[in-house]
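Protein chains: 2
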Amino acid sequence: ISDSDAALAHGLFEDLHPADAADAVEQLSYDQQIALAELAPRVFGGEMLAELQDDTRADIINELDPGHLAEAIQDLDSDDMTLVVEDLDPEMRARVLAEVSDSDRERLESSLAFEEDTAGRLMQREFVAAPTFWSVGNTIDHMRRAGEDLPDLFFEVFVVDEAFKPVGSIPVSRLMRCGRDVRLADIMVAPQAIIRPDRDQEEVAYLFEKYHMISAPVVDDDGRLSGMLTVDDMVDVIQEENKEDMLALAGVNEAGSSDTVWSSVRARAPWLLVNLGTAVLASGVIAMFEGAIAQLVALAVLMPIVASMGGNAGTQSLAVAVRAIASRDLTVSNAARVIWREFAAGAVNGLIFAILMGAIAGVWFQSFTLAWVIALAMIINLACAGLAGILVPLGLKRFGADPAVASSVFVTTVTDVVGFFVFLGLGAMVLL
Amino acid sequence: ISDSDAALAHGLFEDLHPADAADAVEQLSYDQQIALAELAPRVFGGEMLAELQDDTRADIINELDPGHLAEAIQDLDSDDMTLVVEDLDPEMRARVLAEVSDSDRERLESSLAFEEDTAGRLMQREFVAAPTFWSVGNTIDHMRRAGEDLPDLFFEVFVVDEAFKPVGSIPVSRLMRCGRDVRLADIMVAPQAIIRPDRDQEEVAYLFEKYHMISAPVVDDDGRLSGMLTVDDMVDVIQEENKEDMLALAGVNEAGSSDTVWSSVRARAPWLLVNLGTAVLASGVIAMFEGAIAQLVALAVLMPIVASMGGNAGTQSLAVAVRAIASRDLTVSNAARVIWREFAAGAVNGLIFAILMGAIAGVWFQSFTLAWVIALAMIINLACAGLAGILVPLGLKRFGADPAVASSVFVTTVTDVVGFFVFLGLGAMVLL
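Those protein sequence lines, which keep their order, are chains X and Z.
Count along the first sequence from 1, add 820, and you get the number used in the numbering used here.
Count along the second sequence from 1, add 820, and you get the number used in the numbering used here.
Isolated chain X (complex conformation):
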């Protein structure tokens, strides 16, 4: 695509919606992206940079000229501006901050003072506030006057008291429907949630989702209105958190479409190392029964089936549990019932597949004893799998860790060790 013709590159991207332009850039390899940034920096306008995925943006913006960057972001709302600037290296960030206007710099610095992934980082500082005693007419006139100082898009007017604390909100659509004389105090509703800037973005996104909120006020330490969060930003947060959960369950630290081989290796090797440790542990269990296997090779042939079924059942329980924890469906009040259900579902499936596998093993190896050894091992391992699948993520959460991270390694360790130990142990006891 980008074989050194800057004018052509500009032409190609010019007519695209920023989101489409960002998508096109995502399709390129890392090297191509960097080449494009050097060749045709003007392709990377402010809105398009804001649309890029975090990892792609971080790669590209550090290659751009600080002066160009400062110019590109100047027309963005403050939340998008923060999004772009937060990924810069410290030195680049200082140079860009030196180039933007005083008011933008002030806003950026106070946003960047909040932790990453908090409401304070995400909020935009442009919002519409009106005192309780104003009428609908006052508010509309104010908005017509304010013009450029208002956010590009907003959905609610926040009603504030004398101390600038948010006491109500009014959807713009309701404001339009009411006569000019109606007082704001009479049509406002209490805000569904008032967000503190240090609140984790995942919790905030959950509130938006639960209450179908469109925007929410953010307050400072004194409870004064200082910013606004909107649902379109929350959609990105929800997707990001879902992606993290899904990748964490599979043992991948992070992933982007333009990842190189090397970054993929680094994101996955740590969990493969942990898995190697647990696999060696499971092999140690097998090694305890070397004598039995040497006498009856059928044990070696069948043992992976018990472990595999346990691993599968455990992964099922785990996915259900992680999902339920993320959506707040699994809480202290119903934990006991859900734990029981997972155990029982594992045991029932264990019974079903014990009968099936027992029959297969019995016919295959012409041994009734082997059939019921594998059947019993299957029931025990699938019941343990159900328990491990729910208790591991609950335990991780209890200790303040992310229930998705590392949990599948723990669960498969349990199912491998229990599966091999019970099957080989029973086999050694009964068959030899």
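What the hints contain is simulated information worked out from the structure, not anything from laboratory work.
Some clues are possibly wrong.
Capping the alpha-carbon separation at 25 Å, the derived lysine to any residue pairs in SDA-like fashion look like this [stated by the list, open to error]:
no.: 1; chain 1: Z; residue 1: Lys1030; chain 2: X; residue 2: Gly865
no.: 2; chain 1: Z; residue 1: Lys1030; chain 2: X; residue 2: Asp895
no.: 3; chain 1: Z; residue 1: Lys985; chain 2: Z; residue 2: Glu935
To give a feel for the contact side, a few chain Z residues facing chain X, derived at Cβ under 10 Å [what the hints assert, rightly or not]:
no.: 4; residue: Phe974
no.: 5; residue: Ala1025
no.: 6; residue: Asp1052
no.: 7; residue: Gly1076
no.: 8; residue: Val1117
no.: 9; residue: Ala1133
no.: 10; residue: Arg1143
no.: 11; residue: Phe1173
no.: 12; residue: Leu1176
no.: 13; residue: Leu1202
Keep in mind it's a predicted model, so treat the numbers as computed, not measured.
From the three backbone atoms N, C-alpha and C, an ideal C-beta is built for every residue, glycine too.
Let chain X serve as the given structure and place chain Z on it in line with the hints.
For chain Z alone, kept in the frame of chain X given last:
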């Protein structure tokens, strides 16, 4: 909780926000939910029913009295009304439809005529449309007059031509900011997307996410504006699709917090059955090398390690691929590069863990030959795992299937079969 005191139950739920009331109900077991529905049907108001998760709602509404249901839903917007009614049994649905007003019945019937999970089902029929030649003042006056016929909440006014086709949209916030004399034609922008009612909800949600849309017009076959989709409904769709992907990857057909043991068993048994089939297949591979194992039990001890590492690496690639397909980051134009990356990342990780595991096996069993047999098997299996992890979901997608469903079973089959075959085959060749 619900031990037969209806008044108490009503009192408990009365002051709760519908979303909180729905959450409280979700925490109950299936039996408790049904008991509560029989005891205190008035707890289940329209808005609260709309907030319930699909499976919980389906359980409860069929236990309620059709007359109560018809009354409960009458004040809902048409999209929420459809949501409640679509889960009813055919007989109940007919009885509820008989009780609602004529205009509601007509709207419900036309919504229900669309397939489930399409834009037509999700859209609401209340929206604000204005002709191009109106001024801002005309529009505001119209909204003040229309009052109750307008949707509860809306974010954009759709501008339509003489044929009632949507030609533009104006955020309400922009409308408020402009003087009364400004003509709509001068401030409208072309709609980012015009949705056809048979469009799949997942695709629509993707458009909302990509373009940060707040609402979108839905048109009928003649291109006439017939409904509206809003971002808050899309948040639910996004969560639902993410949940489906995550559960599908783990081999669970569906899951809700109030599932019984039996419904959990049914949702998981099919995939366990498939897994049993592939596990038996893998065992068949092992059985081919029974002679080798009988002579050298170390092969049986080490073989699960090769399979487990392959399974893990394959799951990593798979999660990255499924996620990239869902977010449209993985397309035809970059598929070759991503396939190469997954293969190469698998091979590099294979090399790293081949060295590590070779050293462990060499020390453990005091055999240099065994060390390099397991090392070579590890490299081959992890490279195959990377390939399978990306090719299986791409293949499923190519054939029109959901790339998340069934893919992990295919991938672990590949890694088990390749892992056992290569390791035992090499071992038998070299060591005996």
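Okay, the hints, checked on the actual structure:
Proposed proximity of Lys1030 (chain Z) and Gly865 (chain X) is supported: the alpha carbons are some 17 Å apart, at most 25 Å. For the hint linking Lys1030 (chain Z) to Asp895 (chain X), the alpha-carbon distance of about 20 Å falls within 25 Å, and the restraint holds. Simply put, Lys985 (chain Z) and Glu935 (chain Z) have alpha-carbon atoms about 23 Å apart, close enough for the 25 Å limit, and the pair holds. Interface hint at Phe974 (chain Z): satisfied, since its Cβ lies 5 Å from the closest Cβ of chain X, which is below the 10 Å cut-off.
This hint holds: Ala1025 (chain Z) has a C-beta 9 Å from the nearest C-beta of chain X, less than the 10 Å allowed. Hint status for Asp1052 (chain Z) relative to chain X: holds, with the closest Cβ pair at about 4 Å, below 10 Å. Taking 10 Å as the C-beta cut-off, the interface hint given for Gly1076 (chain Z) holds, the closest approach to chain X being about 8 Å. Because the closest C-beta pair between Val1117 (chain Z) and chain X is about 5 Å apart, less than 10 Å, the hint holds.
Here the hint on Ala1133 (chain Z) is kept, as its CB sits about 6 Å from the closest CB of chain X, short of 10 Å. Because the smallest distance between the Cβ of Arg1143 (chain Z) and any Cβ of chain X comes to about 6 Å, under 10 Å, the interface hint for this residue holds. Against a cut-off of 10 Å between C-beta atoms, the interface hint on Phe1173 (chain Z) holds, since the closest Cβ of chain X lies about 6 Å away. Checking Leu1176 (chain Z) against chain X: minimum C-beta separation of about 7 Å stays under 10 Å; hint holds.
The interface hint given for Leu1202 (chain Z) is met, as the beta carbon of that residue sits about 8 Å from the closest beta carbon of chain X, less than 10 Å.
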